[in-house]
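Got chain A; can you put chain B on it based on the hints?
Line by line, the protein sequences give chains A and B. Under my numbering, the first residue of the first sequence is numbered 2, with each subsequent residue one higher. Under my numbering, the first residue of the second sequence is numbered 2, with each subsequent residue one higher.
Heads up, a few of these hints could be off.
[What the hints assert, rightly or not] With beta-carbon atoms standing in for the labels, derived distance ranges:
1) D244/B with Q80/A: 37 to 45 Å
2) H109/A with S295/B: 46 to 54 Å
3) R195/B with P108/A: 44 to 52 Å
4) A216/B with P8/A: 30 to 38 Å
If you are wondering where the hints come from, they were derived from the structure by calculation, not from laboratory data. No residue lacks a Cβ here, since even glycine has one placed at the ideal position from N, Cα and C.
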Amino acid sequence: MTSRRVPAGQDPVRPDAAAPLAIVLDGQPLTGVVGQTIAGVALGAGRLSWRRTSGAGRPRGLFCGIGVCFDCLVVVNGQRDVRACQRRARDGDVVAVQHDALPVAVPHAPEGGGGRADG
Amino acid sequence: MAEVLVVGAGPAGLAAAAAARDRGAEVVLLDAGDELGGQYWRHLPASRPVQREAVLHHGFARFVSLRDRLVDDPGCRVLTGAQVWAVEESDTAAPTVHVLVGDQDGADRAPLDLTPDAVVLATGAHDRTLPFPGWDLPGVFTAGAAQALAKGERIAVGERVLVAGAGPFLLPVAASLSQAGSTVVGVVEASGLRRLARGWLPRPWELLGAAAKGAELFGYARGHVRHRIPYRTGAAVVAAHGDHRVESVTLADLDPTWAPVPGTERRVEVDAVCVSHGFTPRLELAIAAGCRISPERLVVVDEAQRTSARAVFAAGEITGIGGVDLAMAEGAVAGHCAAGGGPADPAVRSAVSRRRTFRRFAARLEAAHGIEPGWVAWLDETTTVCRCEEVSYGQLRAVAASTRSSGLRSLKLSTRAGLGICQARVCGRTVEDLLARAAPGGALVGATSTDRRPVAVPVRLAELAAGAPPPASPASPPVHPPVSPRGTP
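Only chain A is shown next, with the shape it has when bound in the complex (with noise of 0.2 Å):
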């Protein structure tokens, strides 16, 4: 059980029939309409995550769902820092995971006296 699209048949809004597209999500293949967001197509297809966070490697997914809180970041066709809630997606897009690894602290040398440091 997961997020999902409302059934075109089901809405009660009734949809006209809508254009499909195609993107790639962190190598898989995911069909949505056009109009939604990247977010929307994730989500829609049942994906809830689609980033780690740069500490613990925790699966983040959309949160606030409108631009505020910038969990759901991706790389877009090569762009970074985009929020896959605020950008519509677009046929062939090629949507990557964005992870940051934080800086590896390099160990410091011991310090006072003669002899010479480690490197």
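For chain B alone, kept in the frame of chain A given last:
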């Protein structure tokens, strides 16, 4: 002719633009989104035509006529995909407003720098969600997200959904979810029945002008009965559980201070949970423009909706959380006065009257549903408080205790809370609350607030460089942030 810039095209901004036009001013109406309507009237894009969109909304016909009137009006320039990223105060005139126009988060947006005669800020608000263990699991959303996805994309965030938090907004969210085919397993309001009654029921004549809200409430109640959605008061989601996504939540009863009552916990299986404990107004542009902010963290305005900053007016949620009716009333007054009118003019008599009624409505919202301090008892040491920087409640307290600091700025730097990419939009009020409790004296000192963001959104260096002025000659003044020829995209 006066030029009025309206920032934000939700209910308040649309009303302000229309009122300013009615008064004869030229108007520029901006919104960061690619459609008008803000959050309240978030709707399907034109690329997804439908027959009966109005069934998803309240008062949709009112929005459509307002939007169409403005879009068709040659005296109103409407710019969508227009993100204000900086506002520069001026001593002698209205502020200069720096905008980037194009795909949101795009790489080659066009810079646009506006110097209007007056500005109306109508930047709205976003959900305030208090943290709880597991709230950072996928499948936990704000209530606003459920609404945005249902109305803007026809997405149901889950099949078995719980709606929780505080405030009447939970009701239309549950209705939208039902309409999208989700099973709403319950709506859970933190305030108890006694407090709800004390907040809403006294002096009913004060709310006579808001009688339509009563009808709206009755409509939601009917929906709850039809869809068998339980409405629980005095309870909350105190934890979400699951490995990689939410699979269940723990509900608990709350006492009047919002502290969980031990022994009342029960598990509910869900695949999505939508939580909102109220709203945080979006103040960064008002603060950048120099507007005075009240102790309640709202933009201070007079009867003309004028702020303390020269030629800057404010309307809607940033002056007080009061919903669409208050926003539209304030917007009408703000737009009229920004265009040179006065609050006593006949043109705004009805808006002024509605504003009076719905300010009372806003006061009832706070009285009935405002956050109570006992909620902290549902946190544990490992609960994430700052989502962006993954700072836990335990870490916040440990750093506060070891530094013995009372300064928000230094505590932010030490803990990293609020420094991440959302710039404390989600966690700021909570971080301030928790750090104040941990500070010596129980309060933070200094004038800093997490609402202050001189650069309002992330901007790419290449975009700043593209808008840079030609190299300065020795006699010219210091280089300011990039300025393009006035009014040209």
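Hint check:
{"no.": "1", "hint": "D244/B with Q80/A: 37 to 45 Å", "verdict": "violated, 31 Å"}
{"no.": "2", "hint": "H109/A with S295/B: 46 to 54 Å", "verdict": "holds, 48 Å"}
{"no.": "3", "hint": "R195/B with P108/A: 44 to 52 Å", "verdict": "violated, 60 Å"}
{"no.": "4", "hint": "A216/B with P8/A: 30 to 38 Å", "verdict": "holds, 31 Å"}
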